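S.K.: Chain residues, written in single-letter form:
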Amino acid sequence: MFRGFLIEILRSAIESIKANKLRSLLTTLGIVIGVMTVIGVMSVISGLKKNVATSFSQLGANVLYVDKYPWFSGHRSREEWNKIRKRDNLEIKEVQALKEYGTSFKYVSPLIQRRLNMERGEKEAPEVEIHGTSEDFARIINQDVNLGRFLSKDDIIYKRHVCILGHDVVNTLFPEENPIGNKVKIQGRQFNVIGILEERGEMMGHSMDNIAIIPFTTMAEFTGRRRRSITIAIYAENEEEAREEIRWILRSTRNVKPEEEDDFSINSSEAMIQQFNQLTKTIFLISIAIAAISLVVGGIGIMNIMLVSVSERTREIGVRKAIGAKSSEILGQFLMESVVICLVGGFLGIFLGATLTKLISIMSNGNLPFHIPIWSIFLGFGFCCSIGVFFGYYPARKASKLSPVEALRYE
Amino acid sequence: MSELIKMKDVTKVYPLGETEVQALRGVDISIKKGEFISIIGPSGSGKSTLMHIIGCLDVATAGSYSLQGKDVNKMNENQLADIRKEFIGFVFQDFYLLPDVPAWYNVSLPMIYNRVAPRERKEKAISILENVGLGDRVNHLPNQLSGGERQRVAIARALANEPEIIIADEPTGNLDSVRGEEILKILSDLYEKGKTIIIVSHEKYVAEQGKRKIYLKDGRVDGKG
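First to last, the protein sequences are chains A and B.
Take the first sequence: its letter number 299 is residue 299 in our numbering, and every next letter is one higher.
Take the second sequence: its letter number 204 is residue 204 in our numbering, and every next letter is one higher.
Among the hints, a few may not be true.
What the hints assert, rightly or not - In the EDC-like style, the derived pairs of lysine to aspartate or glutamate whose C-alpha atoms are separated by at most 16 Å in a straight line are:
{"no.": "1", "chain 1": "B", "residue 1": "K213", "chain 2": "B", "residue 2": "E35"}
{"no.": "2", "chain 1": "A", "residue 1": "K401", "chain 2": "B", "residue 2": "E77"}
{"no.": "3", "chain 1": "A", "residue 1": "K106", "chain 2": "A", "residue 2": "E221"}
{"no.": "4", "chain 1": "A", "residue 1": "K93", "chain 2": "A", "residue 2": "D67"}
{"no.": "5", "chain 1": "A", "residue 1": "K159", "chain 2": "A", "residue 2": "E221"}
{"no.": "6", "chain 1": "A", "residue 1": "K326", "chain 2": "B", "residue 2": "E77"}
{"no.": "7", "chain 1": "A", "residue 1": "K153", "chain 2": "A", "residue 2": "D136"}
{"no.": "8", "chain 1": "A", "residue 1": "K326", "chain 2": "B", "residue 2": "E35"}
{"no.": "9", "chain 1": "A", "residue 1": "K18", "chain 2": "B", "residue 2": "D100"}
{"no.": "10", "chain 1": "A", "residue 1": "K106", "chain 2": "A", "residue 2": "D136"}
{"no.": "11", "chain 1": "A", "residue 1": "K83", "chain 2": "A", "residue 2": "E221"}
{"no.": "12", "chain 1": "A", "residue 1": "K326", "chain 2": "B", "residue 2": "E164"}
{"no.": "13", "chain 1": "A", "residue 1": "K21", "chain 2": "B", "residue 2": "D100"}
{"no.": "14", "chain 1": "B", "residue 1": "K33", "chain 2": "B", "residue 2": "E164"}
{"no.": "15", "chain 1": "B", "residue 1": "K122", "chain 2": "B", "residue 2": "E162"}
{"no.": "16", "chain 1": "A", "residue 1": "K185", "chain 2": "A", "residue 2": "D262"}
{"no.": "17", "chain 1": "B", "residue 1": "K124", "chain 2": "B", "residue 2": "E162"}
{"no.": "18", "chain 1": "A", "residue 1": "K106", "chain 2": "A", "residue 2": "E135"}
If you are wondering where the hints come from, they were derived from the structure by calculation, not from laboratory data.
This one's a predicted model, so the numbers in the text were calculated from it and none came from an experiment.
Given these sequences and hints, build the entire structure.
M.R.: Okay, structure coming up:
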């Protein structure tokens, strides 16, 4: 029959809230705002994370990029930066060393990137991301050609003027015909189109299809005399193992002394995601702090209104006690009331938070996917219940401790 | 008949600021099961205090009080609540109904604490209301009822857990004489059916209803009725 009693106090709580609609609503506003913030921030972050994770995975899972510079600067002093800047450039000979000695990874490609305009007659594709690389690159980033073929060994060896185009470039330069076998110009030099890449979509609002791939040996024609550091892309099934091996090979080919730090950086999408998570964690903690403050303020509001309610209903408490209610039952009744007020606030907060997230998602043109983690809803409700109990306890206890005679005499 | 209530040398002292007020100064009472008692006395005589102690709403400062052989003075708060729930029904001068809920719900209130199932509660509440002549008023809110009707709802509520004793504190105090008569009639009907009735009043015609009268004066029983 205890369940029956619970239902009864729940019912009585709802009745009493209904009797004071406006008051209850205003009371619960702090909770609403708090929960809304929690849900909103969590959803946005969670959506962002999802987006970033899918975007970065397009860089290729299990792909390591060896660079002169780390992708993320982190907290580094000027001195450290100067040291990084003075590192030796990465060169093709290091690609060869990795290919020769590496056992824990299969594919190694150099990668030289430049943004250049591409032309075909009157048509122009501006600022195309030109990748100079080798035949293994397609396997490293796990991207096939839709049509035609990818680079071959001979293309590299003979420095052929061939290119594989991304989707955007095809749309701009060849809106109505098959580009394969046709010619395009990069900085006045003619290239044969030999393939078209699969479409990859966007990464954080940036198209991944505005690219063209050419042999890295041919790319040297555009980089001129100034020597630039290249990137080395490596496909590794076991990232940890590969990292160690890469470090070992590069340190010895680059003559890094045992006491010195690595003079290169091994980057990966995994590491990038980790960095990103670190960033969102900070945002997350700040917003949780804001939410916590508004929830505490809301809780104080609840306590205040419950104290008012207890004193307004002193008579009722007296009557209930006279007809046999125990102190614990009165306590339960008032606790239930504050918990219900908080839960109503929680519901509203979750609803408004979800609406807000949806709006943000729409306004961002889908760049921020609408995603509310289920656990954040549970967390929201959990919070509300705790606040209801925590801030409702004092008034409820006050009610339960009233002596029946005093309570009945109360005017 | 067996002794239902037995009080010996009961005193009650209230602290009042620096001083103390002696509300009861050694009261001896015994009431048998099925009696109809009036407790009479001028205001300040300790009637209400006595009623509260008999009704287990309050405990005596000193003296002994046994109710159906149980020593009430030694009970804790929860045990007192259980006694009130099972043995005692209260009727108050100001009715003390919950304003936001219908008559039947007011009547069903004591049954909630007695863990009666909801459906049964409502059915029983309605049948008690029919017994006090309010069969057509079950869904009315207290403010839609006349004073006499409200007091009848209050009596129905007092009867909900089928208590042994009904304690009525100035039950006609807020009613005109006609309505008052009706209430007294109901109470004396309950007496006929075997309930123990205790009326507390300072009004003579109300007190006359009792088959035995206990006069209180300055916190003492003034002779026996």
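S.K.: Hints numbered earlier in the text: which of these fail when held up against the supplied structure?
M.R.: Going through the list in order, the structure violates hints 3, 8, 11, 12, 16 and respects the others.
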